[in-house]
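A.B. asks: Each protein sequence line maps, in turn, to chains F and C.
In terms of our numbering, the first sequence opens at residue 1 and continues consecutively.
In terms of our numbering, the second sequence opens at residue 1 and continues consecutively.
The hints are simulated quantities; they were obtained by calculation from the structure and are not laboratory data.
Glycine included, each C-beta is placed from N, C-alpha and C at the ideal position.
Possibly wrong hints are sitting among the right ones.
What the hints assert, rightly or not - Calculated Cβ distances over 10 Å to all of chain C for the following chain F residues: (1) Tyr12; (2) Gln46; (3) Leu74; (4) Arg114; (5) Glu124; (6) Gln129.
Stated by the list, open to error - Only some residues are given here: those of chain F computed to face chain C with a beta carbon under 10 Å: (7) Ser38; (8) Arg128; (9) Phe130.
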Amino acid sequence: MITNRRGSGSVYLTLSLVLLFASCAPQFVAPYDPATDSAVTNVQQQLGTLFAEQQRTDPPVCDYDNYVGFYDALDVDLGSLVIRNEAREQNQLTVRQLRLLGDSLDNLEALHQRSGCLPEGQIEVLQRQFDTSFTAILRLELAKRR
Amino acid sequence: MLDTDRLVTDLLAAAQQILGDSFDAVRPYATAEFRKLAETLVLIAELRATGAVDDEQARLLLDIQKNASRTVLLTLEGIALLTAERVLNAALGAVTDTINRTLGFELL
């Protein structure tokens, strides 16, 4: 009798769990967000333009002083993107990625400021590094499409 | 001289340790990205060795490199979570079918 009660308890517990999970399929990661996809691509394009300009122009055109507004605008764009993503549930991985990107953009600005214009050797490294970061962020965002 | 192959092997081993069984799902992406990261690290070392960048510039480039590496690891973590989610939902789907069949009507 005691065994039967235990058996019934297990069945009810299993059914309850199944009902609970079946009623709402568990999601460990936020859903895909097209606005984030588009905004990250936009930031990537802005950086692509910066690198292209640095490669084809000479001082004083490529000097950091002419790019202060560019970095400010990039900072604002990324700030908005971080806020948007912080508001999404189960989205800490993307938020952390965007913060790392912001940190890298600060480092890029410091490098530009210190170098005056970005030399070819540095641009090659920077393009590879930012390509890796943008690809990783977009790859995760696209993987959220279920 | 930095050994690119050795760097890639070390990075893959570290990722595999963190992700466990989920690592297989991301192995091709991880291998390609770790190779790019290792090659870039070699380029930074060359820039410093030839004096093309000073210590501070090299430090800034390395910081960006670390951030890029962490970003890749976060993507691997996310893809592993999404894989686990798919497995769990598939398992729940299978249980649902079994229960509905057993009961003879669509309870779930």
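A.B. asks: Now look at each hint and say whether the structure bears it out.
C.D. replies: Hints versus structure:
Every CB of chain C is more than 10 Å from the CB of Tyr12(F) (nearest about 13 Å), matching its label as outside the interface. With a least beta-carbon separation of about 16 Å from chain C, Gln46(F) lies farther than 10 Å from that chain, consistent with its non-interface assignment. With 10 Å as the threshold on Cβ separation, the claim that Leu74(F) sits away from chain C holds: the shortest Cβ distance comes to roughly 15 Å. Taking the minimum C-beta to C-beta distance to chain C, about 6 Å, the non-interface status of Arg114(F) is violated against the 10 Å cut.
Consistency note on Glu124(F): stated as away from chain C, yet its beta-carbon is not over 10 Å from all of that chain's, at 7 Å minimum. Some Cβ of chain C comes within 10 Å of the Cβ of Gln129(F); the nearest lies about 5 Å off, and the non-interface call is violated. Below 10 Å, beta-carbon pairs count as interface contacts, and Ser38(F) has none with chain C, the closest being about 18 Å; its hint is therefore violated. Checking Arg128(F) against chain C by beta carbon gives a least distance of about 5 Å; that is within 10 Å, so the hint holds.
With 10 Å as the threshold, the beta carbon of Phe130(F) comes within range of chain C, its nearest partner Cβ sitting at about 8 Å, so the hint holds.
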